[in-house]
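The listed protein sequences correspond, in order, to chains A and B. 0 is the number of the first residue of the first sequence in numbering that gives the first Met the number 0; add one for each residue after it. 0 is the number of the first residue of the second sequence in numbering that gives the first Met the number 0; add one for each residue after it.
Rather than coming from a laboratory, the hints here were simulated on the basis of the structure. These numbers come from a predicted model, not from an experiment. Glycine included, each C-beta is placed from N, C-alpha and C at the ideal position. Incorrect hints may appear among the rest.
To be verified - What follows is a set of in silico ranges between Cβ atoms, one per label pair, in the way DEER data are often shown:
hint: 1; chain 1: A; residue 1: 297; chain 2: B; residue 2: 114; range: 58 to 66 Å
hint: 2; chain 1: A; residue 1: 72; chain 2: B; residue 2: 296; range: 44 to 52 Å
hint: 3; chain 1: A; residue 1: 27; chain 2: B; residue 2: 456; range: 56 to 64 Å
hint: 4; chain 1: B; residue 1: 522; chain 2: A; residue 2: 131; range: 53 to 61 Å
hint: 5; chain 1: B; residue 1: 411; chain 2: A; residue 2: 255; range: 36 to 44 Å
hint: 6; chain 1: B; residue 1: 504; chain 2: A; residue 2: 25; range: 45 to 53 Å
hint: 7; chain 1: B; residue 1: 93; chain 2: A; residue 2: 297; range: 16 to 24 Å
hint: 8; chain 1: B; residue 1: 114; chain 2: A; residue 2: 16; range: 33 to 41 Å
hint: 9; chain 1: A; residue 1: 16; chain 2: B; residue 2: 385; range: 46 to 54 Å
hint: 10; chain 1: A; residue 1: 297; chain 2: B; residue 2: 246; range: 55 to 63 Å
hint: 11; chain 1: A; residue 1: 311; chain 2: B; residue 2: 410; range: 53 to 61 Å
hint: 12; chain 1: A; residue 1: 16; chain 2: B; residue 2: 522; range: 54 to 62 Å
hint: 13; chain 1: B; residue 1: 246; chain 2: A; residue 2: 27; range: 29 to 37 Å
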Amino acid sequence: MVYFIAKRLIQSVFVMLAVAFLAFSLFRFVGDPITQMTGVETSVADQERLREDLGLNDPFALQFMRFTGDMLQGDFGFSYRTRQPVAEMITKRIPATLELGIVALLISLLVGIPAGVYTALRPRGIVSQAILMATLVGVSIPTFVIGIMLIFFFGVQLSWLPTFGRGGTVSVGGWETSFLTIDGWRALILPAVTLGVYQLTLTMRLVRAEMMEVMRSDYIRFATARGVPMSRLYFKHALANTMVPVITIIGLQFGGVIAFSIVTESVFQWPGMGLLFLESIRFVDIPVMGVYLVVIALFFVLVNLIVDLLYVAIDPRLRIKDVS
Amino acid sequence: MRRTLGKSLLLGSAISLSVLTAQAEEFKWASTTDPQTMDPHAVNSAPVLSFLNNIYEGLVRRGRDMSIEPSLATSWEPLDGENGWRFNLRRDVTFQDGAAFTSEDVMFSYQRASDEAADVRSWFAPVTDVRVVDEYTIDFVTSAPNPLFPSSIANFMILDKDWAMTNDAALPARDAENYATMNVNGTGPFTVASRDPGVKTVLTPHDGWWDEAGHNVTEATFTPIGNAATGLAALLSGEIDFIQPIPLQDVAQVESRDGFKVLEGEETRVIMFGFGHEHETLLYSSDVTDANPFSDPRVRLAAAHAIDLASIDRVLFRGKIEGASQLVPAGISGYSEANSSRPEYDPEKAKALLAEAGYPEGFSFGLKCPNDRYINDEALCRAAASMFAAVGLDAELSTGPVRDYWPQLREDDFDMYLLGWSPGTFDMEHPIRFLMHSQDNERKLGSWNFGGYSNARVDELLPLIQQEIEPATRQALVDEVVAITQEEVAYIPLYTQPLIWAAKDNVDLTQRADNFFMLRWVTVN
């Protein structure tokens with residue numbers, strides 16, 4: 000097991016290097032950082048000097064080596080735009096993105112799994128049909144439209160919830176959390192729902208399909224014949240067996256939720272990593288973009304690792320194989 | 000509110016007082032871009048300078064109507080016997096940390112702002128020497144007579160020398176941030192209480208400000224909101240009191256609601272088309288590959304006559320734009336009244352001019368436009384392209400974000416391009432220096448004259464305009480430049496960009512033409 004984890008972590012270094020390389024080769028097409036860093040009155044000579052100072056005239060290979068070399072030594076560089084240390088900027092934004100992603104994931108699971116089970120067990124019921132229809136709409140509307148609609152309905156028309164930002168946050172050991180204040184929770188609801196809708200639909204449809212499949216299998220019929228109580232039959236025997244594919248997809252999707260929370264963060268001015276990335280693109284802030292993409296790659300690798308470990312916890316057969 | 004306030008004062012209840020005032024005069028506002036630094040010399044960009052003008056002050060400042068008025072200098076006069084200006088400084092001014100303001104601080108700030116590490120150093124290009132005369136007098140010596148100098152340094156903000164030295168911020172940050180990137184100590188009406196870059200910055204009044212506070216704000220919170228729809232929602236839901244700017248298409252939405260108002264004005268930015276004057280051939284043409292028709296003024300004039308500005312105004316700008324005849328709008332100093340008409344919309348004349356120039360069938364060319372820099376920039380170019388097509392000028396339009404656009408212009412990768420220009424000094428000399436003088440990197444002239452327009456007489460006139468003190472003589476020189484560049488159609492000035500802000504009804508504020516937002520003019524009723 001330890002060997003397995005170590006191997007995956009070593010692999011992840013190569014994944015991150017590959018991502019850094021791809022990202023870096025694309026940065027040249029994003030635009031020119033110098034024109035974004037200087038004012039209109041700055042002379043051409045001063046612009047050239049700055050370009051030279053930042054090493055932007057160096058060949059691509061050298062720039063890339065410098066970036067990865069510094070990073071391997073734990074030096075993440077400084078933002079072109081704000082001059083802050085990039086590591087600090089990104090670390091500061093991680094809690095906002097993670098909390099948003101986790102709440103979105105929880106919403107999708109807490110609503111998606113029961114809804115999936117229900118629609119599987121009563122496939123022809125009116126409620127089931129209504130749920131299926133509603134989620135179909137949810138998955139077809141782009142995230143930013145859902146976000147804007149929620150903002151205008153709950154924020155502007157009803158004035159129930161804030162329209163932007165994180166509301167009240169409390170710092171717990173350097174981690175700015177929204178979980179400890181009412182304002183923080185109020186501000187979380189709309190963005191988390193926006194981000195979770197797609198996830199929710201996916202989870203529900205997956206659970207439903209798997210559940211319907213399992214319900215037709217022999218062991219369920221056998222258990223039914225043996226007189227196992229219905230609730231135990233559904234939730235212990237049937238649901239547990241639907242979980243392996245569901246966890247795979249949800250796990251992989253969670254990486255996506257974090258990476259693609261950019262849209263939601265932009266619509267709600269949610270101060271997470273995605274928003275930072277978006278601002279960095281606008282200003283061609285290469286150091287921040289580079290580190291962000293590498294961090295996201297690391298995140299994907301970790302999520303995949305956790306998913307693999309969860310398999311073992313859920314599926315006893317994998318444990319036996321591991322021992323043998 | 001005032002009475003309640005008095006009552007609680009009478010009751011001597013400090014707690015309820017602070018609660019009441021906080022409710023009454025807390026002010027929240029949003030804009031699209033966060034000031035990237037709190038260092039007044041590090042970045043010469045509007046979001047930074049606008050924000051920091053609430054905190055730091057210069058020797059002179061601009062009033063509500065953009066006029067120059069005394070600030071940290073109470074008066075200034077030309078030097079005797081040499082070129083330059085003497086500034087008499089205000090006494091009894093204190094920085095926000097309590098330190099006294101003297102000429103040493105001005106000297107230090109000059110050295111800091113003119114250093115290679117400072118992005119604002121171009122302001123001091125004409126300065127050859129600065130001398131401290133006494134504690135409250137300082138001389139700026141310039142290489143030539145420079146009547147514009149005092150107004151050109153309105154955004155030159157003064158730092159406290161001791162504060163900067165003690166905190167290791169003697170120069171603006173180059174690589175890593177320094178103390179002045181995140182912390183402030185100005186003489187201005189507000190100071191930073193807390194700052195979370197990109198998220199929120201809280202300002203509180205500076206009690207020891209030398210001027211009488213015209214505002215009633217006790218705490219001001221700034222949030223950058225990049226997404227226009229989110230910003231509008233934040234205003235309409237009442238979470239913020241004011242936002243700058245709002246998109247044109249949202250004006251009706253704001254006006255239709257009770258309790259909100261739209262503030263409309265004109266920015267000093269003129270939108271124009273520029274040409275690749277010096278190009279040998281067109282870069283993007285499918286039919287004319289051996290010549291550059293735009294080097295012929297008749298072709299440029301034809302393009303100007305092809306544009307139906309009234310339709311652009313009606314369809315794209317809801318009637319909110321003012322046509323431009325030259326590179327500054329009326330009202331800016333140096334504006335040439337004598338040359339205030341622009342080429343009218345006349346497609347027949349355009350076609351005739353093209354035929355005369357040897358292109359009766361027209362020709363195709365490449366038009367470059369940004370899509371995130373000016374209001375409706377991409378839509379404007381689409382409209383213009385179809386108007387050009389109507390007279391036979393077949394524009395192949397390509398648009399892109401501004402981070403990509405400037406490098407393309409610098410590399411001469413265009414046949415025709417769109418540009419907006421706001422005169423930083425609020426004088427006609429500014430666009431002549433940057434857009435009309437021949438490109439000369441050595442002397443830092445014509446640095447935004449991408450198309451390489453060049454006229455020997457214009458080059459000759461610029462230094463005369465810069466040095467002429469007598470207003471009527473100077474205006475005659477400027478008129479000559481404007482006449483030449485209109486005659487030669489160096490650019491096609493289109494219109495002045497509108498300025499659209501939105502606020503709650505109970506907020507009084509001043510919309511200045513440079514798009515700067517000054518908290519010192521805010522009253523919350």
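Hint check results:
1. 297/A with 114/B: 58 to 66 Å: Given a distance of about 39 Å, which is not inside 58 to 66 Å, the answer is violated.
2. 72/A with 296/B: 44 to 52 Å: At 60 Å between Cβs, range violated.
3. 27/A with 456/B: 56 to 64 Å: violated (42 Å)
4. 522/B with 131/A: 53 to 61 Å: Taking Cβ atoms as reference, residue 522/B and residue 131/A lie about 55 Å apart, which means the hint holds.
5. 411/B with 255/A: 36 to 44 Å: holds (42 Å)
6. 504/B with 25/A: 45 to 53 Å: holds (47 Å)
7. 93/B with 297/A: 16 to 24 Å: violated (50 Å)
8. 114/B with 16/A: 33 to 41 Å: holds (39 Å)
9. 16/A with 385/B: 46 to 54 Å: Given about 49 Å between the Cβ atoms, the range holds.
10. 297/A with 246/B: 55 to 63 Å: violated (38 Å)
11. 311/A with 410/B: 53 to 61 Å: Check passed, 56 Å falls within 53 to 61 Å.
12. 16/A with 522/B: 54 to 62 Å: Taking Cβ atoms as reference, residue 16/A and residue 522/B lie about 57 Å apart, which means the hint holds.
13. 246/B with 27/A: 29 to 37 Å: Since the Cβ atoms of residue 246/B and residue 27/A sit about 32 Å apart, the hinted range of 29 to 37 Å holds.
Figure legend: structure checked against the earlier numbered hints; hints not met, in rising order: 1, 2, 3, 7 and 10.
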